[in-house]
Amino acid sequence: MAASDSELVRRILSGSDTAAAELVHRYQRPVFSILLRMVRDRTAAEDLAQETFIKALNALDSFQQERKFSSWLFKIAHNRAIDHLRRASPESVPLETQDEALDPLAVLAAPEAERPDRAAGRLDLRRAFQQSLARLRPSYREVVVLRFQEGLSYEEIAEVCDLPMGTVKTHLHRARKALAKELTELGFGPGSEGGETA
Amino acid sequence: MRSNPSKRNKRPAKGVGPSRGEEMRDTRIHRALESWLRHEAAGRDRRAEAALASIFALLPRAEPSAEFLAKVLAGAGFEAPARRLRAAGPRLRALVLVCGALVATALALLPTLLSALAALVRTGKPLELAAAALAAGIQRIGESLALWETLAGVSGAVGSALASPLILAILALCAAVSLLAFKLLESLLVSDRSTYYAEL
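Protein chains in written order, with the working numbering: chain V, 2 to 199; chain W, 40 to 239.
Worth flagging that the hints you see were computed from the coordinates, not collected in a lab. From a predicted model like this one, the values you see are computed outputs, not experimental measurements. Some clues are possibly wrong.
Stated by the list, open to error - Taking beta-carbon pairs under 8 Å as the criterion, some of the chain V residues facing chain W (in silico):
#	residue
1	Ser34
2	Ile55
3	Ile83
4	Arg175
5	Ala179
As the list claims (entries may be wrong) - The calculated BS3-like cross-link candidates involving lysine-lysine, where the alpha carbons are at most 27 Å apart (straight line), are:
#	chain 1	residue 1	chain 2	residue 2
6	V	Lys69	W	Lys110
7	V	Lys56	W	Lys110
8	V	Lys69	V	Lys182
9	V	Lys182	V	Lys170
10	V	Lys76	W	Lys164
11	V	Lys56	V	Lys69
12	V	Lys178	V	Lys76
Note that the Cβ used here is the ideal one computed from N, Cα and C, for glycine as well.
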């Protein structure tokens, strides 16, 4: 049976290399996946994931063991991503709305992604979904990924993103609606005939 | 009216389109998407959330590079453990298991083999074989020595003959006559040489 996170943390603190490898192996995919969704650059995401784990392993003695390890780790990843995006290209922050301009993740508002409706002819279903997701506001995209891809609770998302619970719920609700609208406009959804391919 | 992209891509060209597995996954995603959008439209939040989560579960997950773990551990000052068997591919795992089984079998048979070897040494068979090989080698050397003895006799006779002054004088005379004859022959050849014949 696999050891729990807190058991692995205890073993790492007593100097176990194997436990460190086990913990990194357990979380490398979700951390990388979240960061990739946020920064949308594979190399940068891998560097940030590496920094996240190194920081976490080095600061493990400050981790309060009554907390959930995954939330603590994802919070480090979130902070690294925001720092990276702030450094990356502040001039590329869209200025359409004050809200977006203040959003440190706004640089990820799919600057290079073409409008899905223009490219619809070349998109398959998965790409359409991924592109619609990429076109969400970065702060929405992050909560969507944490909630629906990683299965975090509202409380955990609030902790990771440092947001009030109400804001998390609002972001999730709006993100879902925006995503649904994009995909419906592309012709997907109830009544479409893409499912006939089986 | 906007056309449906899924429908348009329904029959991809052979060899370039998605595999059967991908098509099936696309179908599942499509159904989950329909279900989600239906729940969204109806305002059923909980069901919509569950359906959206099922879409994410069907999407392929990005993974970091193979060296990621080792880099992290090195960066944090931990030693990377030996490559884990579970991280290896199924073929490599099977190969490692077969090798492990062979090693285990060999180890199990080792005491039996060692005791058999010890018994062989005790009976003196190796010593007997070594002595026979040595005797055969010595016999061959003896045979070659007989030939050497004959050659040495011939060499001794020639040497003693060369040591006598008369024989040496005869040899010197022969050498002088040979040299003179060679010189005469050379002069004859040089005097008779003509380009006339050469031009024919």
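Verification of the supplied hints:
1. This hint holds: V:Ser34 has a C-beta 5 Å from the nearest C-beta of chain W, less than the 8 Å allowed.
2. The restraint placing V:Ile55 at the interface with chain W holds, with a minimum CB-CB distance near 4 Å, inside the 8 Å limit.
3. For V:Ile83, the interface hint is violated, the least distance from its beta-carbon to any beta-carbon of chain W being 20 Å, above 8 Å.
4. This hint is violated: V:Arg175 has a C-beta 12 Å from the nearest C-beta of chain W, more than the 8 Å allowed.
5. Taken as an interface hint, V:Ala179 does not check out: its beta carbon lies about 11 Å from the nearest beta carbon of chain W, beyond 8 Å.
6. With a CA separation close to 25 Å, the supplied pair V:Lys69 and W:Lys110 stays within the 27 Å bound.
7. With a CA separation close to 13 Å, the supplied pair V:Lys56 and W:Lys110 stays within the 27 Å bound.
8. Our distance criterion of 27 Å between C-alpha atoms is broken by V:Lys69 and V:Lys182, whose separation comes to about 35 Å.
9. With a CA separation close to 18 Å, the supplied pair V:Lys182 and V:Lys170 stays within the 27 Å bound.
10. Distance restraint check for V:Lys76 and W:Lys164: the Cα-Cα separation of roughly 76 Å exceeds the 27 Å cut-off, and the hinted pair is therefore not satisfied.
11. Between V:Lys56 and V:Lys69 the alpha-carbon distance is near 17 Å, which keeps this suggested pair within the 27 Å criterion.
12. This hinted pair checks out: V:Lys178 and V:Lys76 have alpha carbons roughly 26 Å apart, not beyond 27 Å.
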